[in-house]
Amino acid sequence: MAAQKPTRSPRPAPTPAAPTPAAGKPHPDAARRSQRSRQAIYDAALALVGEVGYPKTTIEGIAARAGVGKQTIYRWWSSKADVLLEAFLDLGERLVENAGEEAYTIPDTGDVAADLKFILRSTVDELHDPRFEAPYRALAAEGVVNEQLGRTFVARLLEPSLQLHADRLRAAQEAGQVRQDIDLRIALELFVSPLAQRWLQHTGPYTHAYTDTLVDYALHGLAPR
3 MAAQKPTRSP
13 RPAPTPAAPT
23 PAAGKPHPDA
33 ARRSQRSRQA
43 IYDAALALVG
53 EVGYPKTTIE
63 GIAARAGVGK
73 QTIYRWWSSK
83 ADVLLEAFLD
93 LGERLVENAG
103 EEAYTIPDTG
113 DVAADLKFIL
123 RSTVDELHDP
133 RFEAPYRALA
143 AEGVVNEQLG
153 RTFVARLLEP
163 SLQLHADRLR
173 AAQEAGQVRQ
183 DIDLRIALEL
193 FVSPLAQRWL
203 QHTGPYTHAY
213 TDTLVDYALH
223 GLAPR
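So the sequence shown is residues 3 to 227, counted in this note's numbering.
Source of the hints: derived by calculation from the structure; they are not laboratory data. Accuracy of the hints is not assured; some may be wrong.
[Claimed, not checked] Computed spacing ranges between beta-carbons, pair by pair: (1) A173 - Y212: 23 to 29 angstroms; (2) D218 - D169: 20 to 26 angstroms; (3) P109 - R38: 23 to 29 angstroms.
For each residue, glycine too, the CB sits at the ideal point set by N, CA and C.
The task is simple: from the sequences and hints, build the whole structure.
This is the structure in structure tokens:
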């Protein structure tokens with residue numbers, strides 16, 4: 003009986019190549035790793051400034067705490083102040099998101115005194131919260147001597163809040179609750195500047211009773227004549 007020719011196994015169909023990210027776009031896994039590293043850096047910066055203070059917080063310390071290389075931080079930020087500013091902004095966004103709240107707003111119930119007292123009481127609570135107090139104070143102090151950081155701090159952190167105060171006073175002005183001839187920017191400083199001074203310079207306690215009194219005094223001066 004003649005030997006049977008061996009049969010050739012069928013060649014498997016080629017496996018489709020995995021899709022590659024579009025040019026210029028990071029691979030999803032790389033993007034996730036990058037975000038994890040960024041979050042670890044944020045957390046490390048906030049933790050260190052609370053534990054050892056701003057002067058003793060270093061890029062090297064942040065990198066070691068976050069488990070990343072120092073060059074990773076310098077690839078994204080030029081200084082520890084820049085890292086801390088972004089970390090602080092991220093902290094606020096995460097706390098709002100986790101609480102299921104809307105972004106920072108000032109209510110308009112029709113009672114301008116009650117609305118301003120409510121928001122200033124909330125501000126006092128934040129200033130006493132250690133998660134906010136240490137990085138916020140560090141950024142405010144550094145912004146005094148670092149003009150570029152100071153301008154960024156005002157533009158990204160303070161100005162949006164100040165604009166909301168101005169908008170609420172404008173609504174009160176339109177409702178006839180405050181004088182028509184006031185400069186809204188100067189008027190809002192009657193509420194926020196004394197509180198900021200007490201907090202920054204430790205000139206006195208900052209309490210709900212204190213900010214309630216600020217509102218009463220300021221609105222008395224701003225009332226229609």
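Hints, one by one, checked against the model:
1. A173 - Y212: 23 to 29 angstroms: holds, 25 angstroms
2. D218 - D169: 20 to 26 angstroms: holds, 21 angstroms
3. P109 - R38: 23 to 29 angstroms: At 37 angstroms between Cβs, range violated.
Comparing the model with each numbered hint stated earlier shows that hint 3 is the single one that does not hold.
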